[in-house]
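S.K.: The hints should help you fit chain B onto chain A, whose structure is shown.
Protein chains in written order, with my numbering: chain A, 1 to 172; chain B, 1 to 112.
If you are wondering where the hints come from, they were derived from the structure by calculation, not from laboratory data.
Since the structure is predicted, the reported quantities are computational estimates derived from the model, not experimental observations.
From the three backbone atoms N, C-alpha and C, an ideal C-beta is built for every residue, glycine too.
Just to be clear, a hint being listed does not mean it is correct.
[To be verified] Estimated spans, in silico, between C-beta atoms of each pair:
| hint | chain 1 | residue 1 | chain 2 | residue 2 | range |
| --- | --- | --- | --- | --- | --- |
| 1 | B | P104 | A | R108 | 30 to 38 Å |
| 2 | B | D105 | A | E120 | 45 to 53 Å |
| 3 | A | T118 | B | R100 | 51 to 59 Å |
| 4 | A | A113 | B | D105 | 34 to 42 Å |
| 5 | B | V40 | A | V101 | 38 to 46 Å |
| 6 | A | V157 | B | V40 | 18 to 26 Å |
| 7 | A | M75 | B | V40 | 17 to 25 Å |
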Amino acid sequence: MALVDLFVLSCIVLGALSAAVVAFHPNILYAAIALVFSLLSVAGLYGALGADFLAAVQLIIYVGGIIVVILFAIMMSENIYRGRFVEGFRRFIVPFIISMVVLVGLVRLMRRAGWPKTAEIMNLPSTGPIGQALVGPYALVFQYVAIVLLSGLIGAVVIARPHYTETKGDGT
Amino acid sequence: MNGHFASNIEMYLFLSSLFFVFGILCMLTRKNAIGIFMGVELMLNAAALNFVAFQAFHRASPLRGNWLHGHIFGLFIIILAAIEAAVALAIVLRVFAVRRNIDPDQATELRG
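Extracted from the complex, chain A is given alone in its bound form (with noise of 0.2 Å):
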């Protein structure tokens, strides 16, 4: 066993912990700690797949901005030390059967398809071609991209205004 497959292992063991923690841990602000180790092992998973930039982006983007705004938020507006899950279990059994069915079915197809299951990966730098895509065939989308996220933006200010009396038919 390499030192990679361990790195990989340790990932994966290390991702669906923190995910199970996320799902089901009744206090908001430790599933929202536990997200951030689920996505530093996917950040993990992208540098052992060879996708240097995507690691950087999603450690930088993720794991820095939306973890912190995800904390604001739970700061913001919750008693967060105030425990959930009150009412049993019952509620569990019709979520648990469709995801169960769900991770069957994923599994299932998972090993009867016939994609190349095993294969070297190759570690080349990814950054430059990267670059060179946004601005090359995917310059289309990219632009796209830009406008949808100027877009929400602006309208997630708007939405997060305060709400001012004064003005009528703003919207607020």
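M.R.: For chain B alone, kept in the frame of chain A given last:
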């Protein structure tokens, strides 16, 4: 299979399936809008991990083409997740400012 975890696509796809399933569970069982949002994040990560894993194993397979499609789609997924985080948490803060809780079962004014 025997010990070569890094060069076997089923390891990555299995973790991706687990993320997707835990995302579904988190979405369906949380009584909290931020918890539901965290489930959506888990599912988006599962999809992006699938893209990158298939890209890596397709690049190494005999039928190779451009070896960056999966990376770029993963990048776009991350960008769209950032937009979604901004909009969703703005909505959560707005609902909390109006109703003083963020239980999605109780915000029923738009139900009609």
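S.K.: Each hint should be assessed against the structure and marked as holding or not.
M.R.: Verification of the hints:
1. B:P104 with A:R108: 30 to 38 Å: 33 Å, holds
2. B:D105 with A:E120: 45 to 53 Å: 50 Å, holds
3. A:T118 with B:R100: 51 to 59 Å: Given range 51 to 59 Å: holds, Cβ gap about 54 Å.
4. A:A113 with B:D105: 34 to 42 Å: 39 Å, holds
5. B:V40 with A:V101: 38 to 46 Å: 20 Å, violated
6. A:V157 with B:V40: 18 to 26 Å: 21 Å Cβ-Cβ, so the 18 to 26 Å window holds.
7. A:M75 with B:V40: 17 to 25 Å: The hint (17 to 25 Å, Cβ to Cβ) holds, given that A:M75 and B:V40 are roughly 20 Å apart.
Hint compliance for this structure: hint 5 alone is broken.
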